[in-house]
Amino acid sequence: MTQLTVPTSNPTLEIPKKGMPVTIITGFLGSGKTTLLNQILKNKQDLKVAVLVNEFGDINIDSQLLISVDQDMVELTNGCICCTINDNLVDAVYRVLEREDRIDYLVIETTGVADPLPIILTFLGTELRDLTNLDSILTVVDAEAFNQEHFHSEAALKQITYGDIILLNKTDLVTSEKIEDVENFIHDVKNGAKILHTKHGEVALPLILDVGLTPVNEYTANDYQDTHEHEHHHHEHHHHGHHSHHLENDGFISISFQNDRPFDVHKFENFLTEKMPQDVFRAKGILWFSDSDLRHIFQLSGPRYSLHADEWQTPPKNQAVFIGRKLDISEIYSQLNECLA
1 MTQLTVPTSN
11 PTLEIPKKGM
21 PVTIITGFLG
31 SGKTTLLNQI
41 LKNKQDLKVA
51 VLVNEFGDIN
61 IDSQLLISVD
71 QDMVELTNGC
81 ICCTINDNLV
91 DAVYRVLERE
101 DRIDYLVIET
111 TGVADPLPII
121 LTFLGTELRD
131 LTNLDSILTV
141 VDAEAFNQEH
151 FHSEAALKQI
161 TYGDIILLNK
171 TDLVTSEKIE
181 DVENFIHDVK
191 NGAKILHTKH
201 GEVALPLILD
211 VGLTPVNEYT
221 ANDYQDTHEH
231 EHHHHEHHHH
241 GHHSHHLEND
251 GFISISFQND
261 RPFDVHKFEN
271 FLTEKMPQDV
281 FRAKGILWFS
291 DSDLRHIFQL
301 SGPRYSLHAD
311 EWQTPPKNQA
321 VFIGRKLDIS
331 EIYSQLNECL
341 A
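Each residue of the sequence shown is one higher than the last, beginning at 1 in the UniProt record's numbering.
Hint data in this document are derived by calculation from the structure and do not stem from the laboratory. Just so you know, these numbers come straight off a predicted model, no measurement behind them. Glycine is no exception: its CB is placed at the ideal position from the N, C-alpha and C atoms. Keep in mind that a hint or two might mislead.
List of simulated lysine-lysine pairs, PhoX-like, C-alpha gap at most 25 angstroms [what the hints assert, rightly or not]: (1) Lys317 to Lys275; (2) Lys178 to Lys190; (3) Lys178 to Lys194; (4) Lys326 to Lys275; (5) Lys199 to Lys42; (6) Lys44 to Lys194; (7) Lys190 to Lys44; (8) Lys317 to Lys267; (9) Lys199 to Lys178.
Here are the simulated distance ranges between beta carbons [to be verified]: (10) Arg95 to His152: 34 to 44 angstroms; (11) Trp312 to Glu218: 42 to 52 angstroms; (12) Ser334 to Glu100: 45 to 55 angstroms; (13) Asp328 to Glu202: 35 to 45 angstroms; (14) Glu311 to Gln45: 25 to 35 angstroms; (15) Asp260 to Asp181: 38 to 48 angstroms.
Please put together the full structure from these sequences, using the hints given.
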């Protein structure tokens with residue numbers, strides 16, 4: 001069993017040039033992908049990192065929760081990049097490659113319901129293979145929320161299957177027995193999986209960046225390419241491709257809520273604890289409460305939720321996204337509107 005407990009110190013990173021290195025961060029809803037990305041951005045030293053953030057829904061909450069990366073962020077919203085493949089993704093990467101400023105590294109954060117394979121094939125099966133170097137797929141797993149039902153999701157299975165490194169996150173919230181159980185589940189899906197233990201997404205960057213773990217030859221030698229052909233000539237796209245049906249199979253939908261009126265905090269907490277459907281797997285938002293001058297960053301993953309207050313950077317309003325299976329959109333809209341002050 002391959003596993004490591006991760007030191008959090010960061011030796012100096014020296015990234016050699018062989019095409020722009022790319023790391024893809026994937027992982028199921030609420031596992032800690034954005035937290036990991038923030039750790040990378042905080043500890044990148046002089047490395048010039050570009051970030052591509054993909055949100056499943058109309059509102060990109062994650063981009064508002066990242067520490068400042070100025071203009072070095074490209075957003076892909078309103079859909080999963082593995083399903084809107086692949087012209088949007090190729091164009092986004094070109095926008096990074098064509099920047100005048102030097103970019104040392106590209107980090108992509110996928111949605112929590114993304115199948116990594118079509119994204120991998122976009123880098124290995126298009127002209128991007130000559131311009132970039134797909135370095136590793138990092139799969140973040142929530143040790144606390146993980147159970148056997150995790151594998152009822154096709155996306156969650158594929159995230160582990162194609163992960164080069166599995167980051168078992170939130171290990172401080174569970175017992176050693178639970179950690180062992182989760183590792184056994186992971187190894188049942190991916191024999192010999194490389195597992196790192198993390199807390200709050202903290203990991204020494206040399207363990208996850210420029211590690212060269214993506215088995216490029218396995219992907220290019222297999223029949224994957226037969227299902228994913230994409231030519232890119234002078235930005236004219238011709239795509240016959242690999243369309244992932246996992247969203248339909250898993251039944252996930254995203255509900256986006258925006259309103260220029262504040263919530264009543266007591267009504268909202270009552271909604272979370274008493275009324276919200278159990279099929280909501282993940283929710284997040286930037287919330288405005290009538291009794292506070294601060295914005296509240298809202299995170300919900302499984303049964304656990306948190307509200308963290310800080311200063312508004314923009315005019316106050318409510319923005320929230322709820323992701324789950326077979327949700328009643330009108331019912332959730334109605335319940336949220338009832339929470340308004």
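query: What hints, given by number in increasing order, does this structure fail?
result: 7
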